[in-house]
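Trainee: Here are the chains, one letter per residue:
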Amino acid sequence: MITTRFYLCALPAAMWEEDVSWNDHSIAIHSFVEDALGIERRIGKGVNQDNERTRYNLCCARIEAATYSWPMSSAADAKQLKAALKARRLPAITLETDYLNVLALVTQKAPVKASEIRLGATFFPPEMVEAHYSAFDDLARQLGLAEYTDVRQRVAFFQLAHQFDCGVVELQDAFHFVTGDGPARLAPLQDDSDACEALLPRDEEATDNYGRNLYDILREQVQRAIQAVREGGTGAINFSNQPHNVITEVLHEFAYSDPGDTNGPVYIQVVYTDGSQGEPFPLRCLPQRAQSDLADLRRSQPLRVALMSMRHLEMDHDVDMAWFRNREVSKSRTLAETDTFCYLQTRNQLRETRSGGDLRIYLYQTGLQPAVIGFYRALVEELVRRADSPASLEVVPHYFQRRTGYRPGQPWR
Amino acid sequence: MTAPAIQELFDLLDALGDQVAQSGGVPIEAIDEVESILKLRFPKSYRLFLSRHGTIKVGPVTIYGMSSPTDQEPSLAWALKGLWSISPDLPKNLVPFHPVEDAGVVACLQCQEAEASEHDAPVILWDLNLPLAEQSLEHASPGFANYLHERLSEWKHRQAGLERMEWHVRRFEDEYLNVGKLPRNHVWRPYRFCVQDVVIGLVVVRHSLQNNWLEVDVCLTSDVPEYEPDSGGRMTSAFLLSEAYKCGGTMEIRFSEHAEDGKVPTSLCRLAQKLGVDLNHIADGRITPSEARRFYMALTGFSPALQKRIIALSTERKLSQERACYVVHHGVWTCPEVESIVFGSQRPDSIFGGDTLPERRHLHMQDILHARAAILGGFLDRKLARRERMEGDVAIELEDDTRRLDITLDPTFYAKIYQCDEDLLVPWPRHGDQCQSIVPAGDHLIALVRARDASDFNMHFQQDLEVACELGKSFSERSVPAHIFLLTPRDFEGVPSGVRDPLLATARARGVGIMVCPETVASLDADASRRLASSRILRQ
Chain C
1 MITTRFYLCA LPAAMWEEDV SWNDHSIAIH SFVEDALGIE RRIGKGVNQD NERTRYNLCC
61 ARIEAATYSW PMSSAADAKQ LKAALKARRL PAITLETDYL NVLALVTQKA PVKASEIRLG
121 ATFFPPEMVE AHYSAFDDLA RQLGLAEYTD VRQRVAFFQL AHQFDCGVVE LQDAFHFVTG
181 DGPARLAPLQ DDSDACEALL PRDEEATDNY GRNLYDILRE QVQRAIQAVR EGGTGAINFS
241 NQPHNVITEV LHEFAYSDPG DTNGPVYIQV VYTDGSQGEP FPLRCLPQRA QSDLADLRRS
301 QPLRVALMSM RHLEMDHDVD MAWFRNREVS KSRTLAETDT FCYLQTRNQL RETRSGGDLR
361 IYLYQTGLQP AVIGFYRALV EELVRRADSP ASLEVVPHYF QRRTGYRPGQ PWR
Chain B
1 MTAPAIQELF DLLDALGDQV AQSGGVPIEA IDEVESILKL RFPKSYRLFL SRHGTIKVGP
61 VTIYGMSSPT DQEPSLAWAL KGLWSISPDL PKNLVPFHPV EDAGVVACLQ CQEAEASEHD
121 APVILWDLNL PLAEQSLEHA SPGFANYLHE RLSEWKHRQA GLERMEWHVR RFEDEYLNVG
181 KLPRNHVWRP YRFCVQDVVI GLVVVRHSLQ NNWLEVDVCL TSDVPEYEPD SGGRMTSAFL
241 LSEAYKCGGT MEIRFSEHAE DGKVPTSLCR LAQKLGVDLN HIADGRITPS EARRFYMALT
301 GFSPALQKRI IALSTERKLS QERACYVVHH GVWTCPEVES IVFGSQRPDS IFGGDTLPER
361 RHLHMQDILH ARAAILGGFL DRKLARRERM EGDVAIELED DTRRLDITLD PTFYAKIYQC
421 DEDLLVPWPR HGDQCQSIVP AGDHLIALVR ARDASDFNMH FQQDLEVACE LGKSFSERSV
481 PAHIFLLTPR DFEGVPSGVR DPLLATARAR GVGIMVCPET VASLDADASR RLASSRILRQ
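Top to bottom, those sequences are chains C and B. Following my numbering, the numbering of the first sequence begins with 1 at its first residue and continues without gaps. Following my numbering, the numbering of the second sequence begins with 1 at its first residue and continues without gaps.
In case anyone wonders, no lab produced these hints; they're calculated from the structure. Think of the CB as a built atom: it goes at the ideal place given N, C-alpha and C, for glycine as much as any other residue. Do not rely on the hints blindly, as some may be mistaken.
[Claimed, not checked] Residues from chain C shown here face chain B by an in silico Cβ test under 7 Å; the list is partial:
1) 57
2) 69
3) 172
4) 240
5) 275
Take these sequences, add in the hints, and give me the full structure.
Mentor: As C-alpha cells, then:
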C-alpha cells in the first residue's frame, strides 16, 4: 500500500552557518534557512502574505532538495550518529504516517501553541532544536500523544541532534510503498480537524422554526452544544449565518458560570459556512460580579469604538477609534483564519490595556461574524485572567437598529 | 384509468377556466362511430374528454379530438391522416392526441382493439423522424388523464413560476442591482441558467436563517431537445444542491407554495428517480439532508466505488460528502482527480478545503503532493481521451472529439488504470524509448503516477520501479493484458544521467515504460496551489 514516510536528518551546525563541502559535494542551505525564518516572521505580521508564502515554499523546497541530494545513514543512537557524521553521511531516522496524524491533531487542538513552536515546519536550526523538542514533548503529553512511537522517536532524535549540535531537516515521501498493511502502529489517531461539517448535528427530521426568533434558535443550539460537550461529545455551532447581535447576546448568556458551578469552562467548536473551523469558544467560565465591584469602573469615561473601520462611515463622528482595520480583516482567507486574526489582534490589544487602568468600551458592532467571535473569545480570556482582580474592563456592545439608532446590549465585565 | 385521475383532470380544466379553448363536447354515439371506423376502443378517460370538450388548446398544449372541420387541426381525423402519411409503419392502434412542443414527437394512446374488454390505453411517444424499428415505445404515462393532467399542471406551474420570477427580478433590480448592492444568502436571489441564448433553468432561492435550510420559491426547468436529456433538471438540481452546501445549512431543501404548489418539482423528481435516488417527501415539498446528499453524489457522477469510499470516510468524519461534490461542480477538480485524492491521500478533506497554509509545511506538502499527483494524472486522462487526427502533417483538433475511457485508480499502488475500446497511442514516450507505443483496444494501460521532482526521483526511483514491477506481476498472475508505465513530470529529465541511465535500462529490461509529461513539478505545484487557494474561499 501507499503511505507517507518521513525522514528526519541531522545536519551539523556548520551547515546552518555557511556552505559546506563534503566529499567534493557542496551543501548550501544557510541562506535559505535565514530567508525562510524571516518570511515566517513577516507572515506572522500579516503583510503581503501571498508573496511571502510563495517565497517560503521556494526556500523550504531548496532546503529539502539540498538535504535529499545527500547520502543518509540510519542513526537511532549516539554511536550511529557519530559514525554517520564521520562517514560524511547525514544521520537520519524514519517516521511513519502517525507523525502526520499527530501534526494534524496537535494543529487542530492547539493551533496557537503549535504555531509558536513551529510544529509542522520542516527545518530546525541547531539553536531551535532544544526548545522545540521540549515544547513538542510537553504538548504531546498534554494531548495524550506522548506514547506514540513516532512522537517518542522524534523527541529522541531531536535530543540526539541537540547533543551533537546539529539542526534537523524533515523530508516527506507521500508515495512510499509498503507491502501488506504497512508498519505496525498504535491504534489509529482520530483527526477531527477534517470534515468539520461532520461536527454539526445532522438534522434528518423536519426542522421547523418558523415563527421563532433567531435568538431562541441559537440559544437552543448553544445549549445543546454545551450539553453534548458535558456528555463527552463534540458541540459545534455554525455561526456564519447568524446576525452579530444575536451571536453576542447568546454568547453573553452562556459565557458566565452559575454560582457554585465548579465544572470549569466548556469549549464549543466554532464552525463557519466555508467549512473552516475556528478555535473553540470558552463558555461557562466568567464569574458573576457584584454591582458593588463595578462602581469604580462605571465612573470611568467610555471609549467609543467601532468594531471595524470603513464599514459604516456615518458612525465615524460618534466613535473614538476602530478596533480592527477593515483592510487587515477583509482579506481573501477562510473565515476561521479571519476569526484567528481578530482573536490575536484583540488578545494583544487587551493585553496592552492592562497597565492603563480601568477601561470601558462601547463597542459599535458590525456584522462580520468571525470578527465578532474572534473579539469576544479574546475578551472572555482576558476577563477570566482579570477575574481575581477588581473589575477593570467592561465592554458594552451597541447594535444598530434602523428606527432607533444604536441600542446597548448586555455588558461584558 | 382510475376515476380520481379523471376527476382531477376535469377539476384542473375547470380551474383553468377561460384559458381553455375548446371545440365543444360531442355525443357518445359520434364517439362510438369513430371507434368502429378505427376498429379500436378509446380509453374511458379519452371518451369522457371527447364528450366534455371535443378538443382543447391551453397555452401551448393542444389535444386532438373530435371537431370540425375534420381536415384541420385539432381534428383527430386530420392528425391520423397526416401521421399515417409521415409514418406509414405507425401501428394502427396508436391514436395521436398531442403534438409535443418542438420535439418532432407525438403522444399517442396505445388503444385496444374494438372487441377487447379492457379500456386501458397507456401513452407512448412516437418520434416522427424514426422508423418503427427504432421507436422506443416505452410508456410515457399510464393513461390519458394522468398524461394530460401532468402536461397542464406543468404549463400552469410554468406560468405561475414565470410570473413569480418576474416579480422577484423586479424586486431584486430595485433593491440590489440598481443600487449596486450585493445580496446576502438569506435574501431571495433569482438566477437564470442559459446555454447561449437558450434558457434551461430559472430558480429563486434563499437561505432560511431560522431553519438553516435552502428555500426555493421558483424552480423551472426546460428540456431542450438539442441538448442531453434532463439538461435543465441536471443544471438546476446541481445548482440547488451546491447552493444548499454553500450557504452552510443542513442540506435540507424546501420548496415554497409558489414552486409547483409546494411540491418537489416534477423535473427534479424524475431526475432523482433516474439516478436511483428515492425522494420520500415530494408532497411536502422537502428534500431531506440525507436525500440531498445521495442526490448530490449521484448527480456528480462519482463511480460506485468512489461513492462507497466517500460515504465510509464521511462516516469516520474524515471527509464531507457535500464538499467532495461541490469541488467537482465548482470546476476545481474532475471526478477522476477526486478519485485519486480520495483513494490516495490521508487528508482528502484538507485538500478539498484548501485548509492548510504553507507555514504548516508538512501538512501543506502532504496536500500539495497529492494534489500534484492528481493533476498529473488528470493531464494523462485528458491526453488519452482526446483523439488526435492528422491530415498529412497537420494535426486536426475537433471540439468534443474524445474517446470513451474507463478510468479507475488502484489505491494500493497509486496507479491509474485505463481501458478503451479503441487502440491507445501511449503519450509522452521518453526520448528514444519507443517500446509499447500502442496499447491495443481492450488491454489495460497502467500508469504508476509519481509526481516527483528530480531530487525526489534521485532517492525513490529504484523503489518506484520495484513497485511498477510488482504491479505488473499482479496483472500477469491474473492473465490480464496490461502495459505498465511510470508517469513522471518533466523533472525526471533532471535526474543525473549517471543515476538515471542504469535505472532506465533496468526499466526497459523489466518491461516498464516511462511516460514523461511535459509539465514540470513547478507548474503542477502552481496549479495545485491555485486550486487549494480557490478551495479555501470557494463558499464565500
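Trainee: All hints, please: hold or fail.
Mentor: Checked hints:
no. : hint : verdict
1   : 57   : 5 Å, holds
2   : 69   : 5 Å, holds
3   : 172  : 5 Å, holds
4   : 240  : 5 Å, holds
5   : 275  : 5 Å, holds
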